[in-house]
Each structure stands twice: as structure tokens, then as C-alpha cells.
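Put the two chains together into one complex, using the hints given.
Each protein sequence line maps, in turn, to chains A and B. Position 17 of the first sequence, counting from 1, maps to 17 under the numbering used here, and the rest follow consecutively. Position 119 of the second sequence, counting from 1, maps to 119 under the numbering used here, and the rest follow consecutively.
It is worth saying that the hints were derived from the structure and are not from the lab. Source: prediction; values computed, not measured. For each residue, glycine too, the CB sits at the ideal point set by N, CA and C. Hints may be right or wrong, so weigh each one.
Claimed, not checked - Which residues of chain A face chain B? A few of them, derived with a C-beta cut under 7 Å, are: (1) N59; (2) V60; (3) I61; (4) M65; (5) N71.
Stated by the list, open to error - Quick list of simulated restraints, FRET-style, between CB atoms: (6) A:H37 with B:R54: 24 to 32 Å; (7) A:H37 with B:D75: 50 to 58 Å; (8) A:H70 with B:M382: 46 to 54 Å; (9) B:Y23 with A:H70: 45 to 53 Å; (10) B:H325 with A:T195: 28 to 36 Å; (11) A:G68 with B:N51: 58 to 66 Å; (12) B:R151 with A:H70: 39 to 47 Å; (13) A:H174 with B:A394: 49 to 57 Å; (14) A:A47 with B:N51: 31 to 39 Å.
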Amino acid sequence: MRADLQLIQDWIAPGSRVLDLGCGDGSFLAHLKATRHIHELGMEIDADNILQCLKAGVNVIEQNMDKGLHNLETGSFDTVVLAHTLQALHRPDEIVEEMLRVGKNCILTFPNFAYWRHRLSLFTNGRMPKSPQLPYEWYDTPNLHHCTISDFDELCRSKQIKVLSRNVVDDGHHSTALMRMSPNFFGINAIYHITR
Amino acid sequence: MNTPATHKTIAADSVGLVAPQRYHFEEPLNLRSGRTIDRYDLMVETYGTLNAERNNAILICHALSGDHHAAGFHDANNAREKPGWWDCCIGPGKPFDTNHFFVVCLNNLGGCAGSTGPSSINPDTGKPFGLDFPIITVRDWVQSQARLADRLGIEQWAAVIGGSLGGMQVMRWAISFPKRLRHALIIAAAPKLSAQNIAFNEVARQSIMSDPDFHEGRYYDFNTFPQKGVMLARMVGHITYLSDSLLREKFGKGGSDSNFGRDLRDGKLSFGFNVDFQVQSYLQYKGETFSKSFDANTYLLMTKALDYFDPAVDYGGDFSKAFTHSQCKFLVVSFTSDWRFAPERSREIVDNLLKARKDVSYMEIAAAEGHDSFLLPIPRYMQALHAYMGRVAAECQSGGHR
Chain A
1 MRADLQLIQD
11 WIAPGSRVLD
21 LGCGDGSFLA
31 HLKATRHIHE
41 LGMEIDADNI
51 LQCLKAGVNV
61 IEQNMDKGLH
71 NLETGSFDTV
81 VLAHTLQALH
91 RPDEIVEEML
101 RVGKNCILTF
111 PNFAYWRHRL
121 SLFTNGRMPK
131 SPQLPYEWYD
141 TPNLHHCTIS
151 DFDELCRSKQ
161 IKVLSRNVVD
171 DGHHSTALMR
181 MSPNFFGINA
191 IYHITR
Chain B
1 MNTPATHKTI
11 AADSVGLVAP
21 QRYHFEEPLN
31 LRSGRTIDRY
41 DLMVETYGTL
51 NAERNNAILI
61 CHALSGDHHA
71 AGFHDANNAR
81 EKPGWWDCCI
91 GPGKPFDTNH
101 FFVVCLNNLG
111 GCAGSTGPSS
121 INPDTGKPFG
131 LDFPIITVRD
141 WVQSQARLAD
151 RLGIEQWAAV
161 IGGSLGGMQV
171 MRWAISFPKR
181 LRHALIIAAA
191 PKLSAQNIAF
201 NEVARQSIMS
211 DPDFHEGRYY
221 DFNTFPQKGV
231 MLARMVGHIT
241 YLSDSLLREK
251 FGKGGSDSNF
261 GRDLRDGKLS
271 FGFNVDFQVQ
281 SYLQYKGETF
291 SKSFDANTYL
301 LMTKALDYFD
311 PAVDYGGDFS
321 KAFTHSQCKF
331 LVVSFTSDWR
341 FAPERSREIV
351 DNLLKARKDV
361 SYMEIAAAEG
371 HDSFLLPIPR
381 YMQALHAYMG
391 RVAAECQSGG
401 HR
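Isolated chain B, as found in the complex (with noise of 0.2 Å):
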């Protein structure tokens, strides 16, 4: 073979090389918080073909760390590359089939990925917005994303999916464009986040904005960015997003239950503060990699996005009311080992979706990972999305439409 070691190959069942797309809007986009982003960008991928009908087309959302990149690599000599965030869902034969669905993933407004963000340039100043850039809320990102919808010709979707925080935007969806969607996909999601989740956030936005790098949110002026404070909020997100039980596993010699994943690194202790668990050093690595890469002032939006989330605001305390005018369909799935947002928050979406009396089914996986179970490819979640998106595609081919 004369291929050179670089050289990837690329698996049957993945959408192969992908290049994203830059959509620019002139229109004026008014936010929630009652200020108005005068122009901005998204950075867009897709997967797929849309049909004659323009009625196969689905909206991934992603998630706080997601971007547009959702299956599929950028760099054909890259053999170390990593697929999109969610490859193992998204290509021809997988649940989100790209042989009958026109798949669409962006990067969310506020985002690091290429979209308009804090570190986008502000043509009033010329420098990057930095905290300047106005909060951005779930509902803000649906409005977005409709005006995409539109550009990319699409009127409905035939189903609008997302795991966690982008399930907090296929809710807003349902809410917001009732006539927009056929069907919505909320996985891993919760109604509003708990005084709990919120906490978290708080420790993640503490750690970056006490960061020295910090500078008040203008740490590109000064060419540097607050790691440390990126790494911290990283590294107690990472737990909240793993199970107990898996740290236990991952850590705990050859799965066994009896050393509660208290595996030494350098198989004695130090007796000082360095690293002595395995743990240590992995959580260290995880928030540092991320670090590296992941845009602090969207790191801080992201959270106060899933803080700010709360449909039922606008109908005296009551989620159910919110959907009064849902069309869709609605597939909700949660996972057991999940203590972010626990099988109980996806319980009160559904309860409240029956109260609307909407179209529901429900699943509740069994899964070790926690809250990060929504991105792998765990068998009866990987058949649940066939078998529901088998039927979707179905309707696609038999003119389905409202």
C-alpha cells in the first residue's frame, strides 16, 4: 500500500470528510434580556440531502461545550482526528440516517466555534466583545436558529433533537414555532435547572472570573486567557457529568467494587500535595485539554444560558401550559446513573407534556456513564432512536407535512 501512514480510513457508516459552512445575518436579532445583536454569524455543518419535498431536514442542538461539528472529520491527514461530538448517531445506517434525513448542526450564538461570540471582533470598537457581548438565552438560540431554517429553506423540521442543554432547546422550539416541528427529541434534559445545577455553574463561572488571566472578560487584549479558571470550571463540570459508579470502575482496579476507584498513580502515596489518585491526574488532564481549546466568556454564557432556562416563567409556574400549542411529537429519554439532570426531571417533562395531553413517549436507560450516557452508543438507546427515527423517516417519504 502506497497510502501514506497520515492517511485516515474512514469508516462505512460516517458522513467521511465535512467542511462547515458560515451563514452571515444582516437582520437584527432582539434578545431576551432586551438588548439586540445588530449582525452576527453561525457556523453551520450538514449531513445528508434535502429532498425535492424539503420535508427530511432535522436540527441537532447542541449541548454547553458543543459545537457545529456533530459527525464526520475535518482533515483527511489527520489520522488522530477525532469525529464530530455525536458521529455515532449521526451517518448512513445510524439513527440520524443521513441516507433519508438532511441533517443540520450549528454552532450556537455566544459560541467559540466560528459563530458570532465574545471573542468575535465588535465593529463598534474593533476589539473582541469580550463581556460586552449580551447574555444569550435558550430562546434567543431558537430565534437563531429559525432565521437558519428559513435561509436554508426549511419551513418544518422533521424532527428537532438534542441531549442535555440542547434539549432545553428542542423544548423551546416546541414552544416557541409550534408549526415548525413534527417531532421533538429531548434527551438527558430537565425543565429548569435545580438550586443543585445552578450551584455548579456558579463554582465553574467563580473559578474563571477569579482567574487573574480573567482581566474583566478582556483577557484577549492582553494575549493571554485564564486556563486555570477554564480548567477548575471544567473539572467540576466533568464530575457532574460522570456517575459514581463509573469513576469507581475506570479507577478502581480491574473494575472491582472493594477500592472504590481509588487506584494510586505511582502505586505508593506522596504524603504531600501532589497528585496520588488516578483520578486526580484525569481530571486534570480532562479540564486541561478542554481548557486549551474552549473560549472562557462561553464558557460563562453557556451556564448562564442553562441558569436562565425556565419556559414556565411565562405561564404563571405551570411547564404544561407552555406546550398548549405544541404540535410535535415528543421522544423523551433519560438515563439512570444521570444526577445532573436525574430520570426524575425528564419525568416531570413528560408528566407535563401528558397534562398538555401532547404526544409522548418515554424511556429511561439503563447506563452507568451519568449525565454523559446522551453521547454514546449505548445499545437500547442507540435501537430507541432507530426505531423512533425509523418511523420519522417513513412519514418524510410518505409526504409528510402538516
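This is chain A alone, in the form it adopts within the complex (with noise of 0.2 Å):
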């Protein structure tokens, strides 16, 4: 399992109904389902992916979230899972208020865009950042809107947003003191656990 995986599950009430937006394969929905028993729908567009799920007996609909979550009930989930993809949709800001009327408590992850190797190389080469968290060209990159955790921060402050937890990791998903220290410069990964 990938290791922000890992991190988060410790957030997920055994029992308790999950949504996870663009669930992928459904591994982490049916990990959930084995160890903690709970409820799970896994939101997905990749056809493989959904083979992926229907074969891990993992609930999938087939659907795009940049179009909303209208068809979902407010409050029908405890908890509303987006991995990886915020950078990547058309209205992170609509997406996050969608999952706080879905989900009871919302839990995201993104790659912080302020980390200093990203600033260093716009800095000195004045080139978009490549990395291994952002290995894409500025052409056919997936991620649209590009976030820091101090922007994702004043989002959250300026939405009236709880955070309930914010953890700022490296690749291996440790933090470090550096990273405690002063977050948004040496944070690699921002993993959040809001409410409202």
C-alpha cells in the first residue's frame, strides 16, 4: 500500500461509510474493508481501474467527480478520501466544500508545490519544477492547479475549514524536524484530515 495510505487509515473509524474519490484499483477500499470493516465506494473513471475494483468485490461507480458530486447525499459518508489528485482537478475549491457536505470529515493529499528543491529549480533554471513527486512536463502535465500547503492553509482558513490534522511528509511519508519546523519549505507531501 502506498505509504499516505498507510498513514491515513489510522483516521478511519472501523465500521464507518468511506468514499473514496478516484479510488484507483481499489486496493485501499478493500485493505479498509478487511481491517476495519468498513462501508466503501470507490469513485473511478479508468476502465481498468473499475475492472480492477469489480474483480476485489470494491463498490465502484463510474463516474467523474470534475462534474460534481451532486447525485450524493449530504452526509451519507463518514468519511470522503481524496488521494493525490487535487492538483489535477478543474475546481479543487468546489471539490472540497462538495466533500465537506458529502463526508462527515474529509482527508487530502497533494504534493506541496513550495517544497525548496521545487523553488530552487524554478529559482536558479527558471524551469518548471520535474521531480519525482511532479515528473511531468509543463505541456502534458495532469495537474492543473498547483497548490502549497500555505495556500492550501488560507483555503481553509478563508472557507471556515477545520483542520483537524496536517501532516507534512517526504517520500517515504516521515517527517522530519526540518519539516515541523517549517513546513511549507521542506514539506514534500501535505496529508490534511478537515471537517467543518
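Take a look at the structure:
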């Protein structure tokens, strides 16, 4: 399992209802089902991933979350997860609102664009940063809205979103003293647990 | 080889030669309309073997023009015989794998393939029922199917599966008999018909009933049948089963988009009211073939069953409430080019199931073949059914039962 998922599973209550937006092959939900007996729903648009979900016995619906979650009832899930997809959506602010409407609490992870190596790349080379987290060229990246930890904090402030927990980690999903001291400079990935 | 030319070779993944069986029921069936059928027959085909735990049975529900013959062949000597209507899905190694499942398919009440219907003899009069045969609803069918399950010793289906009008029966199973199925596969269906759907059905009915050979449904007594009317009904129905893009491809030279499927039959316009375009002769052929084998009164009944289907009416119009007691898991499938029951209609089903907090999976298959896609071996569709039913089969083996 991906390290970020390892970390966030502790925020998911046993027996709860979990919606995973962009659930991939459903392995995270399958794991939560086996270990925490959750009631799961995955949302996906990739045909191969959907097939893998069916094989894994994970409930999955083919739906483009960029078109909204309007078909899901307010408060119908305990936890809504959006892992490493926020920056690839057309309107991240709107999806965050929708997640908070549908779920009682939400978990989001995204790469921190203000990580010092990214800053250095832009500063010294004058080129858009590339890294293991951002492996794309500027013209073929699926990422539409890069954001930083400070940006997301500001979004939460302006929308009166309560941050229950914020983890800033490296690629091995470990946190260091430097990251805790200056998350927006040293943090590679951000993991937020939010609610209203 | 000494094999006679007419002897057919049957593929290894076919259920092979099959024979239907007639089941007679004496217990009166109270219908939605308030009327009663005192006794009736159901024609049934089964494929595969019911296991000792009796937990591996799946029910296939047919659509408007379907019957009990869903897979395999009836005649070993007829090399030109087409297999059953869902042969691509049923057989050893196929999605509804007869190595794992006991597959049951029946001709619904009111049908014309052997089950009691308008062309059966009314014991009270000694003549065919005709229009005296009561209007049958999806709910009535499911009641009769439950009795068949009792007769076969099946307490709970591993899955109930159907496309189009068949999908409506699947929904009704989940609503009426929540404990008697573990999985519901609802394919290319809708929660209820729209005005446009009903309008097409009305054209079909009017074509049949205005045929001079209809004789108010008593055409059997006159030794005739409203062939023109059924042909017209089928022609208009057939258009709604296909997509615009498929017709363009089918009747456009080499599949080019530029002539919009306007291929001529004889290479030139006739400047008369004859067949000019290939699509005309195709439709006429389809309509005519169908009209020779399908009973007009059954067609009328089937369209009425479609029109009347609306489980939400018993729940103050809230479709999701209909599923309150459902315990099965759901798989809903739609096809992008289906405009008869478009993907939006399947999403309505999904959204209401989610609202009812049910286990549901949904997929929208990219396909050009329109509503008819549900009958075709479209790779992604077949893979999905395989994957889903593979899980169902595994559950059966591990003693799946609620």
C-alpha cells in the first residue's frame, strides 16, 4: 500500500462509510474493508481501474468527480478521501466544498509545490520543476492547479474549514524536525484531515 | 468425414443442445390489475447444475421480445439455427459460467414461446384468450418467477440478471423479495419509462391494433394475424434499439461518415415510393422476420408491462424508498449510445440505490450499438460481467447464503 494511505487509515473509524474519490484499483478500500469493516464506495473514471475494483469486490461507480458530487446526499459518508488528485481537478475549491458536504470529515493529500527543491529549480533554472512527485513536463502534466501548504491553509481559513490534523511528510512518508519547523519549505507531501 | 452437411459443430464454450421444460402451476396468481390467473404454464430452460447447497442458481430475465431460450441450440441437425438470445454470456467459461452456475431462464407469463399467454386456449371458452388475457405487470412476472424458484427448490438466487425490461424485473426482485437474491445485475434499464418511451410503444400498439387483420385481438379465430401491424411495430422499435451512428456506419459505404448511411439499394433513386435506401430494406426485413414468429397480442402486453413499470408509485414517488429492504448487492451497467434507456436513466437507478445506502457498482460502457449493446459481446462489458460474476461464483463456493 502507498505510504500516504498507510498513514491516513488510522483516521478511518471501524464500520464507517468511506467514499474514495479516484479510488484507483480499489486496493485501499479493499484493505479498509478487510481490516476495518467499512462500507465502501469508490469513484473512478478509468476502465481498467474499475475492472480491478469489480475483481476485488469493491463497490465502484464510474463517475467524473470534476462534474460534481451532486448525486450524493449531504452527510451520507463518514469519511471522504481524495488522495493525490486535488491538483488535477478543474476546481479544487469546489470539490473540497462538495467533499465536506457529502462527508462528515475529509482526508486530502497533495504534493507541496513550495518544497525547497521545486523553489530552487524555478529560481536557478527558470524552468518548471520536475521531481519524483511532479514527473511531468509543463505541457503534458495532468496537474492543473499546483498549490502549496500555505495556499491550502489559506483556503481552509477563508472557507472556515477546521483542520483536524496536518501531516507534512517526505516520499517515505516520514516527518523530520525540519518539516515540522518549516513545513511549507521542507515538506514534500501534505496530508490533511479536515471537517466543518 | 461422414458427418452430414447439416450436422453442426458446437463450440466448446456453448451449453450445447438444450431442451425446454414446461412447468404447470395450479395455484391462482393474483395480478396487479386485480384479476387472477387460475392456472398457467411456464416454459423454462436451465443450463449447468444446481449444487448440493442449492446456492448457485442465477435467474436470467428476458426483455420485450425474448423467451426462455437464452443459450445453446435446439436442433442438432439444423446447421443454420441461431443460438439462444444471450448465448455470448451463458456457457462454460462465459460470464454466466455454467461450470459454476445453475442458469434458469423462462418465457414470461403472457409470452408466446410456450408459457401461458394470449395465444393459449382459455379453458372457459375453448378458444385462445386474445385480448381477454389479463394485463401482466413486471411485479406479476416476478411473483410467477418466485413460484418457479420454489418449484426448483431455489430459496435464494445467487444473482438475478436482466437487460432492458429484464433489468426492470431484476429491480422488482430486489424490492419484492429482498431475501431471495444476493446480487442484482441491472443492465440498460430505467426506473420507469419516459413520455418518449411510452410514445414509441403507443405507435407500436396502434400499428398492430389498426391492422385490419387484428380483429380486436381475435385474429386466431379468423386463421390470420396482423402481420403488417407487428412488422411496423417492430420496425419502429428496432430504430429505437440502434444508434444513429451505428446506422450511419452500417449503411454508409465502407463506414465513411460522409454519406450519413444513405447507401442506395440499387445504385440509383427510383423517383417512386419503392425502396431506395438500404436502411429501408433492412428495416423491412427485420420487421417482417419478426412478425412471422411473434404473437401480436404478446407484443401489446409486453409494451404495457414496460409502460406500467414504476416501483416508486408505492413509495410516494421516492424510488430510493422502494429499495429500503433490499439486501442484495447491485451492479448497474449502461451503454453510451443507448438513447432508449440512456446512461442518465441508469444513473438515476444508481443514485437512488446510493440514497438507499445500498452496495452498488456502476459502469458506463462505450459502445456504438445503442440499446442492443446489452445483447452483444462488447469486450469491456464481457470483462466486467466476468469479473463481477467471478466474485459471485467464489461466494457460492464458500457457502454464500444469507
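Each hint, compared with the structure:
Hint on N59 of chain A holds. Least Cβ distance to chain B is approximately 5 Å, under the 7 Å limit. Hint status for V60 of chain A: holds, given a least beta-carbon distance of 5 Å to chain B, under 7 Å. With a cut of 7 Å, the hint placing I61 of chain A at the interface with chain B holds, because the nearest CB-to-CB distance is about 4 Å. For M65 of chain A, the interface hint is violated, the least distance from its beta-carbon to any beta-carbon of chain B being 14 Å, above 7 Å.
With 7 Å as the threshold, the beta carbon of N71 of chain A comes within range of chain B, its nearest partner Cβ sitting at about 4 Å, so the hint holds. A beta carbon spacing of about 28 Å between H37 of chain A and R54 of chain B agrees with the range 24 to 32 Å that was offered as a hint. A C-beta distance of roughly 53 Å is found between H37 of chain A and D75 of chain B, which places it inside the suggested range of 50 to 58 Å. Against the hinted window of 46 to 54 Å, the Cβ-Cβ separation of H70 of chain A and M382 of chain B comes to about 32 Å, which falls outside the hint.
Separated by about 47 Å at the C-beta atoms, Y23 of chain B and H70 of chain A satisfy the suggested range of 45 to 53 Å. Roughly 33 Å separates the CB atoms of H325 of chain B and T195 of chain A, a value that falls within the hinted 28 to 36 Å. At about 45 Å, the CB distance of G68 of chain A to N51 of chain B disagrees with the hint of 58 to 66 Å. A hinted range of 39 to 47 Å for the beta carbons of R151 of chain B and H70 of chain A is consistent with their spacing of about 46 Å.
Look at H174 of chain A against A394 of chain B: about 38 Å separates their beta carbons, and that is not inside 49 to 57 Å. A hinted range of 31 to 39 Å holds for the C-beta pair A47 of chain A and N51 of chain B, which are about 33 Å apart.
The structure does not agree with the numbered hints 4, 8, 11 and 13 stated previously, though it agrees with the rest.
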